[in-house]
Amino acid sequence: MTGASILRALVAALAVAVPVSCFTSTGWGQELVEDFGAEDVDRVMVLRSTTDISVFGPVVDAFLQLRPDLKIRYEQWGSNALYRISRQDCRDASSGADVVISSGVHQMVQLVNERCASRYRSRLTEQLPEALRWRDELWGITREPAVIVYNRELVPEIDVPRTRFDLLDLLRPSGTPYAKRVATYDIEESGLGYLFAFADFQEASTFGALQESFGRTEAVSTCCSADIIRGVAEGRYLIAYNVLGSYAQAYRQQDDRIGIVLPSDYTLVLARALMIPIAARNEAAADAFLDFLLSSEGTFALRKALLISPLLEVEDGGEAETLSPTALRPIGLSPSLMVALDAMTRETFLRRWRATFPGP
Amino acid sequence: MPEFFRRLANTSLTARVALGIALLLVMGGVFVSIAAFAYGREAARSAYDRLLLGAANDIASAIAVQDGAPVIELPVSAFELLAFAPDDRIGYRLIGPGGKTLTGYDEIVLPAGRREIGDGFFDGTFFGEPARFAVVSRRFAERTLNGTVKVVVGQTLLARNEMALDITRKALYVLVASGFAMVLLAAIVVRSVLRPLESIAGGLSMRDPHDLTPIDTSVPKETTVMISALNGFMARLDRQMNSMRHLISDTAHQLRTPVAALRAQADLFSDETDPARKDQIAGRIRTRSESLGRLLDQMLSQALVIHRGESVRREKVDLRDIALDVFEEGDHAVLTPEVEVSLDLGEEPVIVLADGPSLKEAVKNFLSNAVTHGRSPVRIGAALNGGKAEIFVEDAGKGPDEAVMAKLGSRFARGSVSRSSSAGLGLAIAHAVGDAFGGKLVLQKGPETGFKAALVFEPAGEAAT
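Here the protein sequences come in this chain order: A and B. Just so it is clear: in the first sequence, position 339 is 339 by UniProt numbering, and no numbers are missing. Just so it is clear: in the second sequence, position 402 is 402 by UniProt numbering, and no numbers are missing.
Next up, chain B with everything else stripped away, as it sits in the complex (with noise of 0.2 angstroms):
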């Protein structure tokens, strides 16, 4: 069964239609068989029964009183009515008063129970031979005679049971022409309602690799769904790539000075011959290399960021444990002992939907700008504050001057600040994973507490799972 199901769900749309009409067509067919059979009989039913009911009338009123007794000229025009159904065996009796019968078939019997119900209809056998009888009463009151002579008049069932036939018969071919319509219909319907799929592929196909614009969105409603999410993928497929060309600029416009200046220094150090001065050429190298190690962590983890913000699945993170691990690993302690850090949690857990190691590269980035520039102490910490989630570094410096505050955050505020250090680039990390995950970036100096770098994210509520 699963097997069926299985195919069933790689049947192509025009089979699914097909299969669809098919079970309705013979549903209907079965249904529309019966019911034009059902009809057809009850309307060979009552036309057959008038004219046995008019047979009988007029077999009835030829009855006249003679000596006292009933006689009787049958009517040629009653059976010539009967002979409408030209087939069929002709049945009658007349019964007198006594329940004698007066001319007819002795064999036709009424049925039990009837005897004294008036007039009507019912079905018997007529020689062994199924068959239909109207029964009509004439009442006599004269002198001579006083009583109710009964005409039962039947017919055999071979003109009904054909006009039965010939209407569901009829009704058949009707049906059968509707239902090629239907398929005809069908098929012009499925093969109009795929084209748009069609050119939508054939669209697609014949597409530039670098063309990651929106599909043309003026195709049936239905379709829109799709083409949307098309649309959404191939935009998330060009923000992407867009990073990565930024990043890729970026990269080489960050390590262009740097490496421009180890070769300066380098050049001075051959050229130089004072010892004095070679030493401290060598220190200045040094210390260079160091910054640019730090300026390639730092872009390698700003591309794990940009990456992971696009395609990782969020989840619900728990923002004290970011800072926790953040403060664990101690990289601060092995760089800059003499800087003192602490951590500072609440009780309360704080959870955002994020991805976990963004933002474990975004506070690493404001720990390391906080012990760089900042001054000690330095505090780590995550809290809810103003029902809003933070993860934030503080310390007790004065923080950056206004000006470089302005373009902070930025990816280009490179400016000042990057050109000796990559702080920029840090914060431009925190900003880039703060987007990612629909929170924000926020610096704050206050006159006591000092300079603090936060992320800002709506907490994930109970709800949000």
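Just chain A, same shape as in the assembly (with noise of 0.2 angstroms):
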């Protein structure tokens, strides 16, 4: 075993034992860093990304086993942070990472518009469908739902909610047991969580009467991922709404409390975004890297990953939700992304949210 795995292997214990995406938010900067690759290489590429390491960790040693001459410095950072520093490396033109990798795909978006990326075509990046590339300098990997998680033994089978209006409809009688038991992404704090909320918010109407209900049966916002599937499985929590789809399958796996629903109205897919900052060094790796990841070895690593959700294949069966295709709705990587990040918007979004959570 060498070093790097066994480091590997504690970090993957520590990601089970302490809520990691916890730290994600707030500007805590970089989080964690894990070097990849054998030791006597030279050539190192840094890979910033919000996804945790433990996740990610086996896609970065798929494709080092194809590079072998190459080292990956994986630094994990929060959303707002990764923005921050990559927007701060771009206005200095100075080299921070070869690639950055980010669920907050707005603020990709935004980098991108604002000429922080390097372009590359390729026929693979070529295959990807309209909606996942912009420019030829923003591409997305991974393919996740944002999916409603309950507590298997506390909602009764004929509780859970398929769809929105289910939701809406559990939570509308006065004395709901639901009351002060759904939970869902702090925004203020999670920009995936803004995210989410605001393409519900474009989505459909349902988003009004939904952030309504949650108001008014004092629905819990809180941060993060792990934090809020542990709640469920615990109890503390009955349901969970807008969370992604794949830490809560990553953590069905091990606790089989808590069941997940794709919304069969309509379901969210968010496709991770990649970009090559235009001052990257090592920009050739990273052009290798993300090739890498959209061709079928890469696809195969993530999808173990759970990052390209089985979640989405019909025919996966098991506990599985069907869905109609239509029902499927990826973000998008267009310039229309960038109207979340408008500061006089988000402001008029979060004051409306705020309302409706006044908070602890």
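Watch out, some of these pointers could steer you wrong.
What the hints assert, rightly or not - Selected chain A positions facing chain B (Cβ under 8 angstroms, derived; list incomplete):
id, residue
1, Asn113
2, Arg115
3, Ser334
4, Asp342
5, Met344
Because the hints were derived from the structure by calculation, they are not lab data. Quick reminder that beta carbons are idealized off the backbone N, C-alpha and C, glycines included.
Bring the two chains, given one by one in their own frames, into a single complex with the hints.
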């Protein structure tokens, strides 16, 4: 066992024990760093990502098996902090990362709009659907649905909400047992939560009603994915709304107290965005890494890491929900996402949110 | 360069047409490309400017006033509108009443001097890339907020350039297609134009060498010129050949009689035993030979006249010079010294368009007729008479009989005249000369003046240089 793999095992253990993703958010900056690859290699590619090292590590390993001449320095960041540092690097023209992967796709779109990304084109990138690439500078590499998670013991089968309307119905009665026991992201804290909420707001009128119901039943807004999911498993919350499916599924593989529902009215699908900063020092390696992620080996590795969610595949069987393909709403990489990041729009949106969740 | 032009003159018609069309296509291509690109740019500009303006208006209408300050929730629809240019960066900036940026990119700077001007478009840059911006203002007159909020929305130019190039490309496709059509059409036209020429050439080369009949003139109008020139040439050739033929038959006819007479006299001479009669016969033979010699001279001069009349270029000739030349040659003084010949020339030049040697032959014939058959004195002269130019020979005699006069001038007026002498032939030559140069032979018998033979022409005016 090499030093690196011991460390990785340690981190993986840590990730399960401690809610790592709870650091995500308010600008703590760089959270964890890990080096992958042989020690005697000089070429280092710096990868900054919002994805937990424990989740993405195997994918990096798979890449390095094909490229033993490379070392990858994996830095795990919160999405807001990653956005800030990337923007700073871009304005200073200083080379920080070679590859940036973030779930805050609106922030990535903004970075590309500000000419922070370098262009790359290959056979594989051209095969991506239009919605998953922009300007040949930004690519969506994962497919992760936003799901509803519920506690299988405490929520009777008949109550399990299949759609947002079901959820509204559950919350409507005045003495509903679900009052104060529905959780969702605190969108001020979590960039991902904000993105999902904003996408919901764009997608359907249900969101207003849902928000109103959340407020009336004193729903809980909190940070972060792991925290919320564990809360549901432990029975503190009965239902969690708009949780990232990849995390939920990873959790359920160890703890089957939770159930997962893909809302059948529509399910948002997030594709984490990858960009190669314009000042990247090791651009060739970054291009190769991108091509790897889009190749069949890379897709397979991402799928094993649940980043390309098996929940979205109809033939998966088991407990996976079958969805009509039209219900899937990918959050496309387009300049419209810049709206989400507009300071004044965000302020207006958050003000309305705060009115719903007066805070602890 | 002259080398080039000479080669150009030898180039085939097909090559000329090809060259012309190639030039046309190249020039047309350049022109159409420029025009299409200009049009395409304009079209793309106006199309995408509308998108920009739509988005800006969309955003402007979403501005609300809250607690005395403008607030906005950016409409996604505006950005979706802009996303019709899928790969272009988007810049926007909302400028509040105080000139303060409410939201968006501070980097976008309004062009100087435009600060107070209202809405419109301007070109600028966005993060170092050329971009186009639209400005829309919205005025607020509320209790809490009074002023103008400016919305600036801009976009980089990728989609515009792409569209402009696309339009240009399509125009060029059309041009290339029409170019091919033109080349094809030109090939067909050239072939069909050249076909009559080929058939003419084919017809000519198939012709019998003696066939000088006109070529069929059912050819395109443009080639008629060539055909009629060709036919004119052949007609001339035909006339000359006919003249030659006539000359030969005339000669044969005219020589046969005196030669037969000579032979008969020679026979008589050898059969005769009486020396006195022999002398008489010898004298007759001499007379006959002399007249045969004159006849030969005249036939040669007729041949000369016929030949020259058809083939020689006309030039300005002063008839007085002709008369003088004939007079000074003085043949008559040697042959018939007993006849008195005088020269009668005016002061004015008598200019006609004709051939000098031919005229000289004709006048010589008049003179020899006059000294042979007329009566002394003989006058030779040239004058302008009643607007006509004439050259004449006049004697004091009565001239030939009325019956002979009627036949004179014709080539066949040999009759009684030619049998004994060559006067008929001489007049025929004069007639032919007159014909050849657009004049005519005039024979006059006056009661006082005697007999006058003249050639009358239209005088060559000063204009007919």
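Structure-based check of all given hints:
1. Asn113: 5 angstroms, holds
2. Arg115: At 4 angstroms from the nearest chain B Cβ, Arg115(A) passes the 8 angstroms test, so the hint holds.
3. Ser334: It holds, given that the least Cβ distance between Ser334(A) and chain B is near 5 angstroms, below 8 angstroms.
4. Asp342: Holds - the Cβ of Asp342(A) comes within 8 angstroms of chain B, reaching about 5 angstroms at its closest.
5. Met344: 4 angstroms, holds
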